[in-house]
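*Asks:* In case you want the letters, here they are:
Protein chains: 2
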Amino acid sequence: MTTLHLPIDRSSATPIHRQIYEGIRGAILEGRLRSGRRIPSSRALAMELAVSRLPVLTAYAQLLHEGYLEGRVGSGTFVSASLPDDLLLTRSTATGLRSTTRVSPPAPSPDDGYGGLGPFRMSLPALDEFPHTLWNRLVARQAHALPHAAMAYGDPAGWMPLRAAIADHLRLARAVRCEAEQILVVPGSQAALRLAAAVLLARGDRVAMEEPGYPGARAALTADGAELVPVPVDDEGMSVAALWTRGRRVRVVYVTPSHQYPLGTAMSAARRLALLEWAVARDAWVLEDDYDSEYRYVSRPLGALQGMDGHERVIYVGTFSKVLFPALRIGYLVVPCTLWSRFMHARWAFDLFPPTLYQAVLAEFLRGGHYVRHLRRMRAIYHGRRDALLGGLARHCGERLNVLNADGGLHVTMRLADGLDDADVVARMARRGLTATALSSCYKGRERRSGLLLGFGGSTERRLAEAARVLGEVLRADRG
Amino acid sequence: MTTLHLPIDRSSATPIHRQIYEGIRGAILEGRLRSGRRIPSSRALAMELAVSRLPVLTAYAQLLHEGYLEGRVGSGTFVSASLPDDLLLTRSTATGLRSTTRVSPPAPSPDDGYGGLGPFRMSLPALDEFPHTLWNRLVARQAHALPHAAMAYGDPAGWMPLRAAIADHLRLARAVRCEAEQILVVPGSQAALRLAAAVLLARGDRVAMEEPGYPGARAALTADGAELVPVPVDDEGMSVAALWTRGRRVRVVYVTPSHQYPLGTAMSAARRLALLEWAVARDAWVLEDDYDSEYRYVSRPLGALQGMDGHERVIYVGTFSKVLFPALRIGYLVVPCTLWSRFMHARWAFDLFPPTLYQAVLAEFLRGGHYVRHLRRMRAIYHGRRDALLGGLARHCGERLNVLNADGGLHVTMRLADGLDDADVVARMARRGLTATALSSCYKGRERRSGLLLGFGGSTERRLAEAARVLGEVLRADRG
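Chains as they are written, first to last, in my numbering: chain A, 1 to 480; chain B, 481 to 960.
Rather than coming from a laboratory, the hints here were simulated on the basis of the structure.
Being a predicted model, the structure only gives us computed values, none of them experimental.
A portion of the hints provided could be inaccurate.
What the hints assert, rightly or not - To give an idea of the chain B side of the interface with chain A (calculated C-beta under 10 angstroms), a few residues:
1) N616
2) H624
3) P667
4) T702
5) A703
6) E707
Said to hold, decoys possible - Dumping the calculated SDA-like pairs for lysine to any residue here, alpha-carbon to alpha-carbon at most 25 angstroms:
7) A:K444 to B:K924
8) A:K444 to A:V229
9) A:K444 to B:H825
10) B:K924 to B:L884
11) B:K924 to A:V229
Note that CB positions come from ideal geometry on N, CA and C, so glycine has one too.
Taking the hints into account, I'd like the entire structure generated from these sequences.
*Replies:* So this is what it looks like as structure tokens:
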């Protein structure tokens with residue numbers, strides 16, 4: 001049992017629970033709290049700090065989510081054996097959880113034009129380049145135009161004009177085979193995966209995931225008690241051969257074919273066909289998460305796996321969080337006809353229907369051609385940011401890391417030179433204000449490669465070049 | 481096996497799936513399709529109508545939700561044994577599902593100023609009296625003011641200023657004991673119940689519900705395989721005596737103490753204390769759904785059950801769907817500290833965080849005092865609508881029905897004179913354009929009282945008086 005010496009400032013604008021959260025997180029990142037160490041119960045810490053138990057519980061809950069702590073509040077809480085960055089720095093949660101302090105107050109902190117959305121953070125679009133004026137005009141117009149009926153109860157599957165617009169876009173841009181009636185609007189890809197798990201996976205069923213893979217998907221796919229089966233990834237994507245041998249009793253396979261998370265490779269056509277063949281033979285389902293497919297810098301974007309599926313085995317998952325902005329909370333599934341009614345049942349039990357206003361705004365944004373224009377514009381901007389990052393890395397970190405893949409998406413994946421422990425590097429980067437994801441945190445099994453995932457979507461070329469310089473110093477510095 | 485003669489008009493603006501839905505629903509309501517009859521498989525009907533299978537599946541899915549059909553698409557689909565109105569006409573789904581046709585087109589149909597939100601529909605607020613101009617001004621302002629950080633990832637528990645505003649309001653208006661840190665923002669009460677079920681109920685666990693009770697809660701509470709235990713309601717609310725005898729192995733009790741759904745009675749103080757005593761003794765949880773507590777016409781609103789709970793056994797559920805508008809999709813839970821981290825885990829797996837814009841708008845609406853002013857104003861309007869309905873019923877339907885309760889909320893509950901079958905009456909009302917809920921549809925067990933639930937929130941006094949006249953004709957007319 002450790003006693004934490006957390007400096008709590010009651011006069012500060014930062015809420016107590018946030019101060020506790022940051023105190024403990026800092027202690028872990030700086031190594032003052034080591035892996036496996038037991039931390040005080042919420043009750044004990046509350047007494048020690050002379051605060052109510054609530055802020056302590058809030059802080060613990062966040063640290064548990066982010067993977068800094070393990071165990072359950074009450075029955076003993078410990079510093080995680082493997083430093084997280086798992087949930088924390090991958091494409092969603094943590095950005096969410098970390099941005100809380102900045103989100104809660106009306107304005108971002110002055111010291112940071114991005115409201116704390118620092119360089120290398122994963123899954124952040126270029127909010128500074130978002131067409132705010134146009135978007136807000138559409139919001140105001142749609143809010144004004146919303147008929148009474150649209151303020152009442154909506155279609156559980158989503159606002160039909162939006163579903164139609166999404167289907168049109170997917171057919172053209174992603175070669176997805178779909179009708180508007182197959183589009184199920186949900187609050188994001190996390191919700192889509194959670195919903196698919198509720199429909200397709202029962203306790204004890206097995207779900208296969210890429211190894212390494214997207215840690216955020218684990219929580220959703222195993223929420224109903226399914227068992228995770230990691231399947232290795234090579235430079236053609238998930239190994240279907242391994243799936244044949246290890247995949248017995250696997251009901252669902254989760255894949256990211258157009259831009260493998262985290263390695264960034266695209267699944268080869270041959271591998272795609274083999275996967276579909278396996279799914280048909282095993283009567284299993286394929287969950288295709290097309291999270292980051294819009295941006296390719298070295299070749300044309302690849303069509304979706306779903307478009308190659310002649311047997312309705314693929315459930316396609318997409319989100320607008322990365323092309324537009326995460327707080328939009330609109331994602332969608334393309335559901336095979338045979339599963340439609342089961343998904344509708346489950347969707348409705350989760351929540352009656354999605355909020356209407358943003359659906360109407362997004363439908364107009366898509367139909368008005370703004371979406372395609374936005375994509376084209378952002379592709380050029382992200383291409384520039386990617387090149388700035390790669391240039392900076394070559395200049396400042398050349399010998400210490402080698403880029404595995406930078407062909408597409410909003411992050412670059414690289415291996416660290418031997419002897420460099422990625423979790424340690426990430427911790428030291430954090431002390432310099434840099435946010436990165438450790439490649440090792442994307443592995444479920446013991447065998448992990450040491451590397452970094454650096455997001456470049458949310459920072460300007462200047463900040464990325466500067467951040468690369470700082471990273472170089474971190475990599476050259478001796479440990480600690 | 482029946483052949484359905486559905487008139488499909490390809491030139492019509494109404495989507496095919498909607499035409500099929502309405503055709504089958506009409507056939508059931510008009511008795512052309514009788515209970516228990518098997519209907520064609522989606523494939524067969526698609527061929528018969530020479531349409532693709534998708535619209536047929538969409539239509540079947542909706543009819544399944546609404547309880548018109550039972551069984552699963554593919555393995556045979558049948559007309560329900562008990563006419564639904566269950567989901568269809570209770571406070572949520574159906575209004576949702578039925579309003580689809582009207583919601584999808586940009587404008588409500590001209591023949592109906594309410595976009596098809598006809599008289600007696602349950603759970604509809606007075607959208608015609610909603611302060612649209614003020615609300616839209618706040619929407620435009622908040623959309624404009626939203627900092628970049630607020631467009632990124634938000635707090636999974638909700639936007640802190642909103643949580644603080646909700647906690648302040650609940651303490652004052654509902655005597656709820658809570659801190660902002662206990663408020664968990666969700667898309668509505670359905671989502672709140674689904675989340676509570678995911679946290680508190682495992683397959684095989686037992687959950688107690690009022691009998692009669694809110695059918696919409698069943699889907700959410702049993703989604704993870706929990707078993708439902710109906711507990712009778714008398715004029716003091718749920719019978720705790722019955723709970724003691726039948727409540728063995730019950731982990732969770734779902735109650736609507738301030739305005740029992742559907743009967744409208746308020747749970748007595750003695751009964752509330754007895755329920756809390758039972759929960760402590762049995763180490764069980766109480767789910768308080770305070771869905772309709774803001775409006776009382778004969779006495780002061782009662783405080784929440786949660787406020788009487790000294791042992792943190794109550795999870796409080798609230799929504800803004802009825803006071804503001806359903807498409808807002810903002811509800812909340814007040815979570816006991818001991819359960820907080822478990823709820824946060826589950827919440828995050830369902831969806832990373834709630835969309836930010838409407839949270840910011842609602843926070844300003846609450847803090848600016850607009851919410852309380854709105855409540856006061858609406859209370860007077862609803863009082864007038866309730867009186868208009870009661871007056872009309874006394875004038876036109878006096879001898880055929882007797883009002884059980886009209887003390888509060890947005891609907892009036894009444895018994896039908898002997899010999900009148902409520903499902904039949906509801907079906908005949910539907911043919912006259914009236915939407916009502918059969919009291920019998922709120923029972924789980926076989927023993928059911930015949931009565932009507934008539935919503936008055938969404939219609940003007942004039943329309944309610946006229947609708948009461950029509951209802952009188954329906955009640956006096958001979959069957960069919």
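*Asks:* Tell me if the straight-line CA distance from K444 (chain A) to V229 (chain A) falls inside 25 angstroms.
*Replies:* holds, 9 angstroms
*Asks:* Mind checking the CB of N616 (chain B) against every CB in chain A and telling me if the closest is under 10 angstroms?
*Replies:* holds, 5 angstroms
*Asks:* Should the hint that H624 (chain B) touches chain A count as held when the rule is a Cβ pair under 10 angstroms?
*Replies:* holds, 5 angstroms
*Asks:* Between K444 (chain A) and H825 (chain B), is the straight-line Cα distance small enough, at 25 angstroms or below?
*Replies:* holds, 19 angstroms
*Asks:* Against the 25 angstroms threshold, does the CA-CA distance of K924 (chain B) and L884 (chain B) hold or violate the hint?
*Replies:* holds, 20 angstroms
*Asks:* Mind checking the CB of A703 (chain B) against every CB in chain A and telling me if the closest is under 10 angstroms?
*Replies:* holds, 4 angstroms
*Asks:* Between the alpha carbons of K444 (chain A) and K924 (chain B), is the straight-line distance 25 angstroms or under?
*Replies:* violated, 45 angstroms
*Asks:* Can you verify the interface hint for E707 (chain B): is its Cβ closer than 10 angstroms to any Cβ in chain A?
*Replies:* violated, 16 angstroms
*Asks:* Tell me if the interface restraint on P667 (chain B) is satisfied: Cβ within less than 10 angstroms of some Cβ in chain A.
*Replies:* holds, 4 angstroms
*Asks:* Please verify whether K924 (chain B) and V229 (chain A) have alpha carbons no more than 25 angstroms apart.
*Replies:* violated, 41 angstroms
*Asks:* When the nearest CB of chain A is found for T702 (chain B), is that gap smaller than 10 angstroms?
*Replies:* holds, 9 angstroms
Violated hints, listed in ascending order, are 6, 7 and 11; each of the other numbered hints is respected by the structure.
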